[in-house]
Amino acid sequence: MTELLAYAAARYNYWVYILLMLIGFYAMVAHGNLLKKVIGMNIFQTAIILFFLSTSAKRGGTLPIVGPEALAGGVAPAQLMNPLPHALMLTAIVVMVATLGVALAVLVKIYRRYRSFEEDVILDRL
Amino acid sequence: MGGEVVEAWGPGLALVPSLAAAALIPLSARAPALREAWSLLASVAQAAVVLSMVPGAAAGVVLETTLVELAPGVPLVLRADALGCVFAALASGLWVLTTVYSIGYVRGLHEHAQTRYFFCFALSLFAAVGVAFAGNLLTFFLFYEILTLATYPLVAHKETPAAVQAGRMYLAYTLSAGVALLAATAWLQILVGTVEFRPGGILGEAVPPATLWPLLGLFVLGVGVKAALMPLHSWLPVAMIAPTPVSALLHAVAVVKAGVFGVVRVLGYVVGPELLGGLGAWSAVAWLAAATILAGSLLALAQDNLKRLLAFSTVSQLSYVVLGVALGTPSGVVGGIQHIVNHGVTKITLFFCAGAIYVATGKERVSQLAGIGRRMPVTMGVFAVAALGLAGLPPASGFLSKWYLIRGALEAGQWPFVLVWLASSLLNLAYFLPIIISAFFRRSGEAEGVTEAPATLLVPLVVTGAASVLLGVAPGAFLSLASRAAHDILGGILP
Amino acid sequence: MLLDHLPPLLPVVPLLAALLLPPVGAVRRGLVHPLAAGAGAATAILALLALRRVLAEGVIHYHVGGWEPPWGIELVLDYLSAFTAVAVSGVGALALLYAGPAAGAEVRGREASFFGLALLLLASLLGMIVTGDLFNLFVFLEVASISSYALVATGDGRAPLAAFRYIVLGTVGASLYLLGVGHLYLMTGTLNMADLADRLPALASSRVLAVAVGFLVIGLGIKMGLFPLHGWLPDAYTYAPPAVTALIAPIATKAAAYALARILFSVLGVHRALTEVPLMTLLAWAGAVAIVAGGVLAIRQNDLRRLLAYSSVSQMGYIVLGIGLANRPALIGAYLHILNHAMMKGCLFFAAGAAAARLGGPALADLRWMHRRMPLTTACVIVAALSMIGVPPTGGFFSKWYLLVGAVEGGQPVLAGVILVGGLLAAVYMFRVLEHACLVRREEGDHGPAPPSGRSEASPGMLVPLLALGLGILAVGIWNAPIVSGVLRFAAPAGLR
Chain B
1 MTELLAYAAA RYNYWVYILL MLIGFYAMVA HGNLLKKVIG MNIFQTAIIL FFLSTSAKRG
61 GTLPIVGPEA LAGGVAPAQL MNPLPHALML TAIVVMVATL GVALAVLVKI YRRYRSFEED
121 VILDRL
Chain Y
127 MGGEVVEAWG PGLALVPSLA AAALIPLSAR APALREAWSL LASVAQAAVV LSMVPGAAAG
187 VVLETTLVEL APGVPLVLRA DALGCVFAAL ASGLWVLTTV YSIGYVRGLH EHAQTRYFFC
247 FALSLFAAVG VAFAGNLLTF FLFYEILTLA TYPLVAHKET PAAVQAGRMY LAYTLSAGVA
307 LLAATAWLQI LVGTVEFRPG GILGEAVPPA TLWPLLGLFV LGVGVKAALM PLHSWLPVAM
367 IAPTPVSALL HAVAVVKAGV FGVVRVLGYV VGPELLGGLG AWSAVAWLAA ATILAGSLLA
427 LAQDNLKRLL AFSTVSQLSY VVLGVALGTP SGVVGGIQHI VNHGVTKITL FFCAGAIYVA
487 TGKERVSQLA GIGRRMPVTM GVFAVAALGL AGLPPASGFL SKWYLIRGAL EAGQWPFVLV
547 WLASSLLNLA YFLPIIISAF FRRSGEAEGV TEAPATLLVP LVVTGAASVL LGVAPGAFLS
607 LASRAAHDIL GGILP
Chain S
622 MLLDHLPPLL PVVPLLAALL LPPVGAVRRG LVHPLAAGAG AATAILALLA LRRVLAEGVI
682 HYHVGGWEPP WGIELVLDYL SAFTAVAVSG VGALALLYAG PAAGAEVRGR EASFFGLALL
742 LLASLLGMIV TGDLFNLFVF LEVASISSYA LVATGDGRAP LAAFRYIVLG TVGASLYLLG
802 VGHLYLMTGT LNMADLADRL PALASSRVLA VAVGFLVIGL GIKMGLFPLH GWLPDAYTYA
862 PPAVTALIAP IATKAAAYAL ARILFSVLGV HRALTEVPLM TLLAWAGAVA IVAGGVLAIR
922 QNDLRRLLAY SSVSQMGYIV LGIGLANRPA LIGAYLHILN HAMMKGCLFF AAGAAAARLG
982 GPALADLRWM HRRMPLTTAC VIVAALSMIG VPPTGGFFSK WYLLVGAVEG GQPVLAGVIL
1042 VGGLLAAVYM FRVLEHACLV RREEGDHGPA PPSGRSEASP GMLVPLLALG LGILAVGIWN
1102 APIVSGVLRF AAPAGLR
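Protein chains in written order, with my numbering: chain B, 1 to 126; chain Y, 127 to 621; chain S, 622 to 1118.
There's no promise every hint is true.
Covered by chain S, per the in silico footprint, the following chain Y stretches (three or more residues, Cβ under 8 Å) [claimed, not checked]:
#1 185-198
#2 267-275
#3 296-303
#4 311-324
Some, not all, of what chain S presents toward chain B, calculated at C-beta under 10 Å [what the hints assert, rightly or not]:
#5 Glu763
#6 Ile767
#7 Leu782
#8 Ala784
#9 Ile788
#10 Val793
#11 Leu797
#12 Trp906
#13 Val910
#14 Trp990
No lab work stands behind these hints: they were computed from the structure. Note that the structure is predicted; figures quoted are calculated from it, not measured. Backbone N, C-alpha and C define an ideal beta-carbon position, used for all residues, glycine too.
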């Protein structure tokens, strides 16, 4: 039992991202307000980005910037954070922002037509 | 497929006229005369090409045309062997007459959508000849499906709610059958590695009964629907809502004969008589056919609509062929294949007569035909000869094939089937004789002022009637084709 | 030599054209559509050149910016990607050609951004196809999705709502895909497909791998509209402008299906990796369920475009079923169906758009007299419908034939039955369409010839792509054997039966 708890605690970053994902998913499914759905969608995406970033972190690690002093003393990879997930997530954030932009533009179009963000109101006005 | 195989253009060429007509007819939609000329020209050309191959096929020279590859290792191959020539010659020969008849029929009734009508007719004949010459199951399936879909618009031609419904039923039956046939074909491809038609069959003895029975079941389902084997026959009487030339050529000759032809191909060239006999599978097929013969005749007795009566008679007669081939004796197979031709020519004559009566009087019920024989003596005279021929009485050709079939049953030592055929003959008389008697010997005011149908209708029916008699007197070419085909199928097990 | 850069050129050509459109449109609006259609045609020609080169010289590996994999991004043109690129760019080019005359009032005045988005979609789909990197695939997948969202939203009426639903579900799909990629990266430290394929067999029994693959499959399943993850698809296809549906429906889901096959066979190498979960069996059955459910739902529709949308759900089931069967004939069938379904769905949606423009509405009942008023369009519909049902010699028959042989060879009679029953379901819904389009309900004895008004065939700009696809369906059917033995035989991974 303690073993299991230790295992779970050691991977708390997983639990955080799963929790965030579920919160986002809940908002997307349960909320009748389209704007809140978009917020849920954002939380969902952010959870995944945090998960990626957390995998690159190291206790006591530093930025992987290799300067002259590091070259003099030799590079110690164990003390550098993995830069790749950061680079990937930069791209993913751009994608996320673009999606958000399109979603908001569509919402504007919906609002102009139906004067509401509430799903049931819109369904009534169809 | 037995005998010598020669690569030649003939079988492929036989497909060209009808396909060309199918392309030209829609282009001539605004010129009825031109449209009909294409049909007539194509039918004559097709018949000429097919008939030119008959003597060679009867002598055992098989012409073969390989076109594209359908799938890797499975070519689209056309072979004019004896069996194929029987069906192709029958279908394309009768197409010439039906075209003449159609022209008179659609003009006489001022039918709508004549372009579609002639287009689909040409496409159906394209498919029928393809079915006849198909050298493997995949090629066969290809043309078989085209035949299904080309005839659907003809069944639904009237576009009334009843006709649309009939079209749906027709599709439901035939497409489901196509699915069964496709399943069997794919299974065969994996099981044997080939789907080629070979005389004597391609299923080796290695096939265990647990595989053979479901496979045979799929095949019988696949080709049995078009062959109107009971209980798969219900579409045929319903399809009689189509214009009469369609019922005549397609639902007495091309489509249903494609079905029984498929039965012969499958039993003789895929399963093989040896395997069929060895496992007793033949008796299952034979009894199914026997039941269909009797039930079809009994149901025909109950019909008042003339075309429906003829349809049930067709159901019954088609199974003559199936039963003969299932018996697997030389005379049985010869008789079965002969009957494809004899029944085709005779039944189309009867349909032509029914159509002529409809065009001349607007009547399509048996009970309305009293006294009609005096007004339309030629039509009803031909009708009488053909009807008696189907019952197995000379001079029309039915007696000849029936004679072979009964001899086949005796050769196999299966006297119950002899009784089935005799009973069926009596039933045939029972439903045809009253029509003939009331047409000639009963008087009725209704027939006043009626005259014979126009010549375009009359000439074809006289010609087919004469052909039916001729086939009985001088079976010549078709008998030798049938013997050759029987020799191919049974060659392996004949002494 | 420019042609040495074929792999990047495939996405770059439409991308550059997309960027060129707004300035060109600002100068002369009339040039926008010709430029877009020309870019589409150029892309299709490049894809054909790429396929020819692959056939002649084998697989092309291209290292973007000269960085060696696994550090740099690799583009790969092999038999499968070159074939899919030809299918997607060919049908895409025709859809761009069609979109010009088909684009209605909702696009007028905004042609440059509309065709810019369309080209962006084409570029990103081709990017998905040529890339050899899992994260790069994610980026292209999202660019494709975002341009699809925007294109769907250009429509009036309920289109923005359909687009919103598409955005939410599509984003969930993309996020799950990204999550799957993240797990694979954690396990192996690489994102390059070939590199992953080398490292994954050692982890075959890992449960994390199973989770990762689960995320990837569900994510891509949403993007390709795999039942029951298809929720976004029917509304999006129904309410988007006809020109948009004609572009998205044939090709967008196909690229996702391609990505699934690519990941399962080139990255996981299913027969080597992932021994814990019967993934392929599950996929095959999911495909079977989709075939039946999509078909049954399609039968009940009275709106032509909605009917076609559900038919897409059913037809995607065939592709997934073939991937799940994972033997050589089944995969050949699935890959061939990518091409066939793109062509026949394109043909049918082109026709639906033309019919809606000429006959007044998308309901089936509006198709009355279509065979008289639009004979050539109707002929194309008939050919595509027969292909959908699986009637030889159309292309659709042959993909089903290979799938069927694959199912029988795989010892799966039930799945073989589903493939066949799916054809019958297609017959039911397609003949509902044909009955409305070709049969006029008459009374007994009514031979009245005259349709309500004369011919109103689709304009040449719509008719040409329509006829090209109609003839293409027949051509692919008749000459499928060279395609199969020349290309697709090699597209199935080595080592399969």
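Structure-based check of all given hints:
Under the rule that three or more residues need a Cβ within less than 8 Å of chain S, the assignment of the region 185-198 of chain Y holds, with 5 such residues. Counting residues of the region 267-275 of chain Y whose beta carbon lies closer than 8 Å to any beta carbon of chain S gives 5, which reaches the threshold of three, so the coverage claim holds. Check result for the region 296-303 of chain Y against chain S: holds, 3 residues qualifying (beta carbon to beta carbon below 8 Å, three or more required). Counting residues of the region 311-324 of chain Y whose CB lies closer than 8 Å to any CB of chain S gives 4, so the stated coverage by that chain holds, three being the minimum.
A hinted interface residue such as S:Glu763 counts as satisfied when its beta carbon comes closer than 10 Å to some beta carbon of chain B; here the least separation is about 4 Å, so the hint holds. The beta carbon of S:Ile767 is positioned within 10 Å of a beta carbon in chain B (closest approach about 5 Å), and the interface hint is therefore held. Taken as an interface hint, S:Leu782 checks out: its beta carbon lies about 6 Å from the nearest beta carbon of chain B, inside 10 Å. Among the interface hints, the one on S:Ala784 holds; its C-beta lies about 5 Å from the nearest C-beta in chain B, closer than the 10 Å criterion.
A cut of 10 Å between beta carbons decides the hint on S:Ile788: the least distance to chain B is about 5 Å, and the hint holds. A hinted interface residue such as S:Val793 counts as satisfied when its beta carbon comes closer than 10 Å to some beta carbon of chain B; here the least separation is about 7 Å, so the hint holds. Hint status for S:Leu797 relative to chain B: holds, with the closest Cβ pair at about 9 Å, below 10 Å. Violation of the interface hint for S:Trp906 is found here, the shortest Cβ-Cβ separation to chain B being roughly 26 Å, above the 10 Å cut-off.
The beta carbon of S:Val910 comes no nearer than 22 Å to any beta carbon in chain B, farther than 10 Å, and the hint placing it at the interface is violated. Below 10 Å, beta-carbon pairs count as interface contacts, and S:Trp990 has none with chain B, the closest being about 31 Å; its hint is therefore violated.
Hints 12, 13 and 14 from the earlier list are contradicted by this structure; the remaining hints agree with it.
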